[in-house]
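Each chain, letter by letter, is given below.
Number of protein chains: 4
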Amino acid sequence: MTGNILGERFVIVTFGESHGKCVGVVIDGCPAGLPLSEIDIQNELDLRKPGVSLITTPRKEEDKVEILSGVFNGFTTGAPICMIIWNKDVDSKPYDLITKTPRPGREDYPAYVKYSGFNDYRGGGRFSGRVTASFVMAGAVAKKLLNYTLGLEIIAYTIEIGGIKAGKINLDEARRLRYTNEVRCPDLQVASQMRDKILEVQKIGDSVGGIIECVVNNVPIGLGEPIFSSLDSELSKALFSIPGVKGVEFGIGFNAARKLGSENNDPYKIVNGKIVTATNNAGGILGGISNGMPIVFRVAFKPTASIAKPQKTVNLETMEEIEITISGKHDPCIVPRAVPVVESVTSLVLADQALRSGFIPNVLTRKCNL
Amino acid sequence: MTGNILGERFVIVTFGESHGKCVGVVIDGCPAGLPLSEIDIQNELDLRKPGVSLITTPRKEEDKVEILSGVFNGFTTGAPICMIIWNKDVDSKPYDLITKTPRPGREDYPAYVKYSGFNDYRGGGRFSGRVTASFVMAGAVAKKLLNYTLGLEIIAYTIEIGGIKAGKINLDEARRLRYTNEVRCPDLQVASQMRDKILEVQKIGDSVGGIIECVVNNVPIGLGEPIFSSLDSELSKALFSIPGVKGVEFGIGFNAARKLGSENNDPYKIVNGKIVTATNNAGGILGGISNGMPIVFRVAFKPTASIAKPQKTVNLETMEEIEITISGKHDPCIVPRAVPVVESVTSLVLADQALRSGFIPNVLTRKCNL
Amino acid sequence: MTGNILGERFVIVTFGESHGKCVGVVIDGCPAGLPLSEIDIQNELDLRKPGVSLITTPRKEEDKVEILSGVFNGFTTGAPICMIIWNKDVDSKPYDLITKTPRPGREDYPAYVKYSGFNDYRGGGRFSGRVTASFVMAGAVAKKLLNYTLGLEIIAYTIEIGGIKAGKINLDEARRLRYTNEVRCPDLQVASQMRDKILEVQKIGDSVGGIIECVVNNVPIGLGEPIFSSLDSELSKALFSIPGVKGVEFGIGFNAARKLGSENNDPYKIVNGKIVTATNNAGGILGGISNGMPIVFRVAFKPTASIAKPQKTVNLETMEEIEITISGKHDPCIVPRAVPVVESVTSLVLADQALRSGFIPNVLTRKCNL
Amino acid sequence: MTGNILGERFVIVTFGESHGKCVGVVIDGCPAGLPLSEIDIQNELDLRKPGVSLITTPRKEEDKVEILSGVFNGFTTGAPICMIIWNKDVDSKPYDLITKTPRPGREDYPAYVKYSGFNDYRGGGRFSGRVTASFVMAGAVAKKLLNYTLGLEIIAYTIEIGGIKAGKINLDEARRLRYTNEVRCPDLQVASQMRDKILEVQKIGDSVGGIIECVVNNVPIGLGEPIFSSLDSELSKALFSIPGVKGVEFGIGFNAARKLGSENNDPYKIVNGKIVTATNNAGGILGGISNGMPIVFRVAFKPTASIAKPQKTVNLETMEEIEITISGKHDPCIVPRAVPVVESVTSLVLADQALRSGFIPNVLTRKCNL
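Quick mapping for you: the protein sequence lines, in order, are chains A, B, C and D. Heads up: the first sequence is residues 1 to 370, going by our numbering. Heads up: the second sequence is residues 1 to 370, going by our numbering. Heads up: the third sequence is residues 1 to 370, going by our numbering. Heads up: the fourth sequence is residues 1 to 370, going by our numbering.
This is chain A alone, in the form it adopts within the complex (with noise of 0.2 Å):
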């Protein structure tokens, strides 16, 4: 299968350029009976929408979304779903020196060798964060589908900015309190901190980067697939699919390799007559399925590439180094705006998986009974 398409179950397929006409994704495989409108698709849509403050990109998108196939009647029906938002605040003008002199940080340059030059280069076409609204239109929908059928809540927050670090967030304040600032971190004295330090490194043309932390709520156990599609295997892929990840670690991560055993393993005890692991080392997950504990991870980000200050390249037509200053319109943390991303990438991983595991079925509900 191609690169653009995700799933095997509850499928994706995206679609669109930063500087063409339109952002889109198709869905197949969304099960028949879902209520579904527009609106379930725009709200998630506004919390990554550009434009919206100080901190993020000046580029003005509505992001209106519209449906274009696989509802009807107000529910999903079993076919495609389209869904596009059209691009209109584009400048494309600031690129074109970008095919000679390639962008440090950037795909650029392996993008031009890749492609030939043939690749739709204006705004970073297929390779800009503008293409991650086709993961949050589709993840509305996995998102809506998770919670309608298993209750399932995904919940994610910002935890680190350019070494600004969050205390400890339990799942009730992430829960209330993520999206109330343009950080998108629970801690509501640390966001205000973050804020600070993007605005600072924005006045003096730089960016910086931060870490997003994930937490899924009431799973049941034996989600997952065995060996290569383990839910830890099949959700990291989809999240290194956001532009400038460097980093997944489930549980404890990094840290769990630095512990004993006996310090790493999660007692079995019992809890109102249910089975739960005293801690939760594991981040929900072992040997690749669900425990029936939440899952939690974290995903580090990289500071965005494309800053003002001055860098140093080389043009690939005089084979020189030379100094180039970018121009065009860039977030200076990508950080909060990636947030909803997350979350619909998490989304989108765990409705395909509970399809192919049988958590969900193929129709939501019989209105016939034949």
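Just so you know, not all the hints are guaranteed correct.
[What the hints assert, rightly or not] When the alpha-carbon atoms are kept at most 25 Å apart in a straight line, the in silico DMTMM-like pairs for lysine to aspartate or glutamate are as follows: (1) Lys274(C) - Glu321(D); (2) Lys269(B) - Glu320(A); (3) Lys274(B) - Glu323(A).
[What the hints assert, rightly or not] Taking CB as the label site, the calculated pair distances span: (4) Leu97(D) - Asn43(C): 48 to 56 Å; (5) Val52(A) - Leu199(B): 52 to 60 Å; (6) Tyr148(D) - Met319(B): 27 to 35 Å; (7) Glu320(D) - Asp172(C): 29 to 37 Å; (8) Gly51(C) - Gly205(D): 43 to 51 Å.
[Said to hold, decoys possible] Stretch by stretch, here's where chain D covers chain C in the computed footprint (C-beta under 8 Å, at least three residues): (9) 16-23; (10) 197-210; (11) 314-322.
If you are wondering where the hints come from, they were derived from the structure by calculation, not from laboratory data. No experiment lies behind these values; they were computed from the predicted model shown. Every residue gets a Cβ at the ideal spot worked out from N, C-alpha and C, and that includes glycine.
Got chain A sorted already, so can you dock chains B, C and D onto it with the hints?
Showing chains B, C and D alone in chain A's frame:
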């Protein structure tokens, strides 16, 4: 596609259980014309063989590979290659208990629920580290293919065990020294400390984790398919399929989250008429595509879950909290034996990507001139 | 993978319903560097356009294609190509009844059961022949790709309608004459009889079926992947996806069952220094692989199921046997409009196979010399 | 995905060559909880065993199956099931010639070009009918699964050999009588004529083809995924993977092309409170979905290409036209031994579809109640 299958063009299908008759793998899609014999496979397999030192499991297995198909007159034919090793040193008695009293940190409980108790639990069945022997058999073919056609070199080594960290390692040391010691660490002084650490925790019935680094050299520019099949996406998916992996990061990984864009971006320069980057913070991957610099990533392994110390669990039948002590044969640290597994899994993904991106042809040499 | 997706390397994803907003398709995997514009698509699309003659459905659709992504500066970019036509002449009233009284010969009843009544039944929804417009849009790109890179020629034509059979047709006649008449038959005298037959059954509210033959010229030797992805396997799979197809045969097809081996085998000979076969009973395919001779196959279409005559069915609510008369807009014979659909579907499969077998590269020309 | 792999949820991977060590298959995706032993496989395998009568190849093979994985305590575990038969009666000498002088009607020439001469040509290698033993091993599991869960019955039988046609056959006769005679035809009088015909052509060093019909009983309504994975699409794809197949038709097939819509449509009626169709011209499939009537299709086989009579071919080295006479062990008619192969392939597709459409669950019975 189902979960025991990996890849699109260089496809592997694994089968076999820890205490079943055998562990095997079928490769479909290996180009015709690769010189191949059992020695190529055996050399790699011997590097992960159990029972060879004090710090590995005492299970004695010869792990002698048999190629059952797909090779004719010393060359691959383009047909599926089936390879098998037979299980010999099997003692399944210690595992009867675990069906009722799941071991903390192992898949026992979620697998029992997922498969309604039908799964082969003996020695961990399909969840055993023994299954990675099939990764190594297939990986040996992929590694040879990559080296034969592209001159690619894949080198993994231990950089941390139980909190003990190796010093900076250059590629030449890694190449020469990683397999000269039992812990697979090219920093020989630290290697000795790591070995002591493993013996120490083994003595107290405990286990310890660690980190493996992997470097891929001579990578062509342009490897990696777009978005969901990006190089990092596919590598991480395969790496998280190795039992015990809890984190994966590329380039400077999680540390990128703490850098400014101006620090993190790798500036281009020209060395001997070739475009390279001055640093390699990106780990050789930009926008999911190789940029010609070495691919670098790290993989965090948790401590072995199966330890001799008493642990808290529950009896699934009586629903009582109890304490268990696990017997059976286990590695006190899986990191050393995971080094060739990481190399193998990396080879599998890169061979698949090289075929998908057209860097390796479907047939290696034309004998006929029709 | 889900059912609205076809192919491995040249992948298409179709969406849209007969009476929804649009019918569309996404191609993922088309190589970068193919010159492409909307005219290329429109030319093919016009050949299956409804409402253009007395013998087709009176539904009036302009079927004007819009390319939404994947093309830049007149060339494909390697990114997904999304194409859409908008539905305009839609009257869904006649279809309210069919939810309760399924039409004989149509999918109404099994689709209703399968999707619990959530499927969009208007105009047949996803089961409408209108969906084949998406095959043609994508097929136009595949056809151009095959011609541009390999000089392949794909020629389908009607050879039988309502029992009236064309005489022997040579390739040159087929090439020149098939689209000069409404029934798409290169035997012009018989074409006129076929047209009369269609008008005759239409007058009595009935419909008629027929057979299409397809020839592929300039096929390289070695196209076709082993066993389950053999050329005939993949072609037949795609052909049976066209609504109304009930039979597919290659070469002399069913007649081969009545031949002796010595009659059926095509002897090899040398013509102009090139190895060819004296006959082509095999239809250009041996062991699932092209042998360099023209690929030849035939596809049988049933008569249109939606007819104006009264028919017996049951009322699903009252479970009574009743008689219905169908309204709505329908073709009295789908064969003529299916001719470009057969060519399209053939092009899709061959483009996929040519990419899989390495006959077409991932990027068509190298503009850069890095 | 590569060509030796079939299916999405019930996936099979075949391996092994005619004159290699073995022929085998791996099933991935078979639900846990199916009672299974080697006897289930052996019974089916014995029906296609060579060397058992005058009208089959004299090659003597015991074809004794070994299950290597995926079965534990008499039940499938949900893990991959690997099955193997070992090759014993192998004489590869007669095949050295074919590398230079391709046999008419066989894949020798295109395979040689495709694989640059690296393919294992001995006994036809991967293109040998012997490979269908792997279809039967896997098909036996699929057939048992379908019968165990849905009560499905799959019955194929010979209806024509060398132009000799069986009379009308009812399902009960087919069920009872098809395996009582060597040609697998339930019309016993005609069966005897067919046998004579085969012996007659064999005597003159020639071969003969035929037609197999297959009926599937107790099919639930709604089996079949949309468009490209429709029931007829997937069945035809798998059927054309059987060596020698040149045509496939469903219901009345090619004859539907000669009917009026009013004749061809199957009217609905109610029998014993159940909706059925009065006729079954559609062969149980409407819009690619099962409608609850028996699935009926026919498969045309060409005469065996490997015949003893002298044939014209070319010498690939000298490029001269020559005459060859083929030795080796061959069936004078492959139809009788193909009957269990058609049943197997049908079972594989239906098991896959039943899992995809949710008619069969991932685990067959819940032993635990957690």
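Quick rundown of the hints versus the structure:
A threshold of 25 Å between alpha carbons decides the hint, and for Lys274(C) with Glu321(D) the separation of about 11 Å falls inside it, so the pair holds. Among the hinted pairs, Lys269(B) with Glu320(A) is consistent with the structure: their alpha-carbon atoms are about 8 Å apart, no more than 25 Å. Between Lys274(B) and Glu323(A) the CA atoms are separated by roughly 17 Å; this keeps the pair inside 25 Å, and the hint holds. A hinted range of 48 to 56 Å holds for the C-beta pair Leu97(D) and Asn43(C), which are about 50 Å apart.
Distance hint check: the CB atoms of Val52(A) and Leu199(B) are about 58 Å apart, consistent with the given range 52 to 60 Å. Distance hint check for Tyr148(D) and Met319(B): the Cβ-Cβ separation is about 32 Å, which falls inside the suggested range of 27 to 35 Å. Taking the beta carbon of each, Glu320(D) and Asp172(C) are about 32 Å apart, inside 29 to 37 Å as hinted. At about 59 Å, the CB distance of Gly51(C) to Gly205(D) disagrees with the hint of 43 to 51 Å.
By the rule of at least three residues with a Cβ nearer than 8 Å to a Cβ of chain D, the coverage given for the segment 16-23 of chain C is violated, with 0 such residues. Remark: the segment 197-210 of chain C is confirmed as covered by chain D, as 6 of its residues place a Cβ nearer than 8 Å to a Cβ of that chain, reaching the required three. With a cut-off of 8 Å between beta carbons, the segment 314-322 of chain C has 5 residues touching chain D; three or more are needed, and the interface restraint holds.
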